Amino acid sequence: MNVWIAIALTVAGCYLVKLVGLLVPAGVLERPLVQRLAALLPVALLAALTAQQTFSTGGGLVLDARAAGLAAAAVALVLRAPFLVVVGAAVAVTAGARALGW
Amino acid sequence: MIPDDAPAKPDVAVVRDALGVGVAVGLSGFAFGVTSAGSGLGLLQTCVLSLLVFTGASQFALVGALAAGGNPFTAAAGAFFLGTRNAFYGLRLSQLLALPKAVRPLAAHWVIDETTAVALAQPSRRAARIGFTVTGLTLYVLWNATTLLGALGAEAIGDTAAWGLDAAGPAVFLALLAPMLTSATERATAGLAVLLGLGLLPVLPAGVPVLAAALAAPAVLWAQGRRAASTTGPTAGSTPRREKDSR
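Keeping their order, the protein sequence lines are chains A and B.
Residue 0 is where the first sequence starts when you use numbering that gives the first Met the number 0, and the numbers rise one by one after that.
Residue 0 is where the second sequence starts when you use numbering that gives the first Met the number 0, and the numbers rise one by one after that.
Keep in mind the hints are simulated off the structure, nothing from the lab.
If you're wondering where the values come from, they're calculated on a predicted model, not measured in any experiment.
Mixed in with the good hints there might be a few duds.
Unchecked claim - With the C-beta cut set under 8 Å, the calculated list includes, among others, these residues of chain A facing chain B:
1) 12
2) 35
3) 45
4) 50
5) 58
6) 69
7) 70
8) 74
9) 93
Claimed, not checked - Here are the in silico distance ranges between beta carbons for each label pair:
10) B:222 with A:24: 28 to 34 Å
11) B:161 with A:84: 32 to 38 Å
12) A:70 with B:228: 38 to 44 Å
13) A:62 with B:10: 47 to 53 Å
14) B:12 with A:62: 43 to 49 Å
15) A:24 with B:9: 31 to 37 Å
As the list claims (entries may be wrong) - Rough simulated footprint, nothing fancy, chain A against chain B, three-plus residues with beta-carbon under 8 Å:
16) 19 to 27
17) 107 to 114
18) 180 to 191
In this text, a Cβ means the ideal position worked out from N, Cα and C, and glycines have one as well.
Same shape as in the complex, but just chain B (with noise of 0.2 Å):
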């Protein structure tokens, strides 16, 4: 039955949602194999990551900076830095998933953009919960599985940039960025980094450019704070203010 005050939304639609997404993303796990093998990863290196890392934009980063010959450290921190933004969904998702304290540890590993996307998207508790675990459940699976494949075919395939598989990589990050590119200083903060992440590499040592792309965000954010202090009085600028944040 339908609660009254609850928006209409049947089991099947929450999970016939969470396999679209969790399929169609989870697929793009070859990609990564592909990619992986073809920067030098070993076939165990690369399920290794897709296994206990399982965020891709992390891994895409990791293997593109030791493809690139950075040190360890600076390509763990770069990947480091793109997995913070899980944090801030698994704060959402605490709220509106409501899960006991035991579960947490296992579900904190499925904390990443698709589920969260997913589950914020349902109208109840209920469809939430089962919209993170099918999306988190079919994503895991197929995206180790189709990992596995990618490494496999790599080693197959031999050169992999004769094939364009050195673009993969690239697009994915395009594919994840463009979504955010909501506002002018989303806008800036992506121009800026460019310039920065492009500029510094021929001078700065591999996997050091893209930390220091990274200091856009501050920049643009104490730049956007100071334009308010001055257009809005001595106040208001410690904290720049918006209207609520459209993600």
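Just chain A, same shape as in the assembly (with noise of 0.2 Å):
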């Protein structure tokens, strides 16, 4: 139950903020101080959630394959490779060093 109040919050919440966009009169959104946030917001969401879907298990501090994995990921960002291929590397990557026991 707790799972279905989620997901209709997330899909009632992530549709309107899509519609407001194409709804709202421009200069409402245009102030410099709030596009600066709205750009810099996502940035500081999606570093936190790599970190602590890489060096977590609940509520722990942890170092695993995952790590492997990310750092795989990370040379194909920089190599450039599309985005299929990078999370392809994390995910054979951390397959592979959880073969190896680690």
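With the hints as a guide, bring the two chains together.
So this is what it looks like as structure tokens:
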């Protein structure tokens, strides 16, 4: 039930913010500070999510095979690999590291 | 015929660009399906997310937060804040595409990173409309089909972690984040957010640390504003001024 509540809230929230952008008159969201904050907010969230989903299990910090996978993804990004290759590299290296018993 | 005042770009070229982006990203719905199923969500729940949320980062964030034991409200809040950037995409698209009022509620569902990127890269309104529509349609169809396949596949695979599939989520986040790190401001924000996100993890309830980490954005802007104020005099600090943003 809790999962459905979360899904319903996310569906409604994410749709409404998409719609707002198309409907509000230009100018309302055009203030420089609002624009700057809107550009930086995803940076902060994505950075925190990347770190948390790589270095934590439940509420504790851990260093495991996912770190190797993320490093592989970072290398792929530096080499300008396509999106799917980046994700594939992370998955393959994580699986490999686990198979080696890390 | 190509008008004199617009750079030449045949419709076929626009469609090709749009298909390239739509197919590549659409296929990564597989990673979402697997991750969502591996996080304990049911097949229907996973598919409803891709059908009705249809903004990848928010979907990954939601299932990740639920898997970590977050309550539904903090989990949805994280997904929501990640989705707010779409409002700003919509703002730029509404001027560019000039859509009729009746079409906007439908088009809104496709206002995401990839459709915006393709539409903004086009030289004319016609090309932007084609780019937006083809990218949106390709991505929507593939993202949902691969989500279903991923969720079914995960159930067949069993232990998704043994296949390294729990690394797909963070790799997607990193791939979305990397092109945003264009200046010292973005890098400082990302660094501070990582410190907050990891540092607060052991002490705050699940789902809350990522929201706290979002405060890195206003914190860095505030610090920047103060620095601008102290270097350029008392009147210049209220709105941090910068050269035109690259994004």
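Against the structure, the hints come out as follows:
For residue 12 (chain A), the shortest C-beta to C-beta distance to chain B is roughly 4 Å, which falls under 8 Å, so the interface hint holds. Below 8 Å, beta-carbon pairs count as interface contacts, and residue 35 (chain A) has one with chain B at about 6 Å; its hint therefore holds. Annotation: interface hint on residue 45 (chain A) holds; nearest CB of chain B at approximately 4 Å, less than 8 Å. Interface restraint check for residue 50 (chain A): the shortest CB-CB distance to chain B comes to about 4 Å, inside 8 Å, so the restraint holds.
Proximity of residue 58 (chain A) to chain B holds as hinted, the smallest CB-CB distance being about 6 Å (cut-off 8 Å). Given the 8 Å rule on beta carbons, the hint for residue 69 (chain A) holds: about 6 Å separates it from the nearest Cβ of chain B. The criterion of a C-beta within 8 Å of any C-beta in chain B is not met by residue 70 (chain A), whose closest approach is roughly 10 Å, and the hint is violated. The closest approach between the C-beta of residue 74 (chain A) and any C-beta of chain B is roughly 11 Å, which is over the 8 Å cut-off, so the hint fails.
Because the beta carbon of residue 93 (chain A) sits about 3 Å from the nearest beta carbon in chain B, less than 8 Å, this interface hint is met. The supplied range of 28 to 34 Å is met by residue 222 (chain B) and residue 24 (chain A), whose beta-carbon atoms lie about 32 Å from each other. Under the hint 32 to 38 Å, the C-beta atoms of residue 161 (chain B) and residue 84 (chain A), about 22 Å apart, miss the expected range. Between residue 70 (chain A) and residue 228 (chain B), the C-beta spacing of about 40 Å keeps the proposed range 38 to 44 Å intact.
Range check, residue 62 (chain A) to residue 10 (chain B): about 51 Å between beta-carbon atoms, so the 47 to 53 Å window is met. Restraint check, residue 12 (chain B) to residue 62 (chain A): a C-beta distance of roughly 47 Å satisfies the suggested window 43 to 49 Å. Here the CB-CB span from residue 24 (chain A) to residue 9 (chain B) is close to 34 Å, well matched to the stated 31 to 37 Å. Only residues whose beta carbon comes within less than 8 Å of a beta carbon in chain A count, and the segment 19 to 27 of chain B has 4; three or more means the coverage holds.
Counting residues of the segment 107 to 114 of chain B whose CB lies closer than 8 Å to any CB of chain A gives 4, which reaches the minimum of 3, so the coverage claim holds. For the segment 180 to 191 of chain B, the stated coverage by chain A is satisfied: 7 residues place a CB nearer than 8 Å to a CB of that chain, which reaches the threshold of 3.
In summary, the numbered hints that this structure violates are 7, 8, 11.
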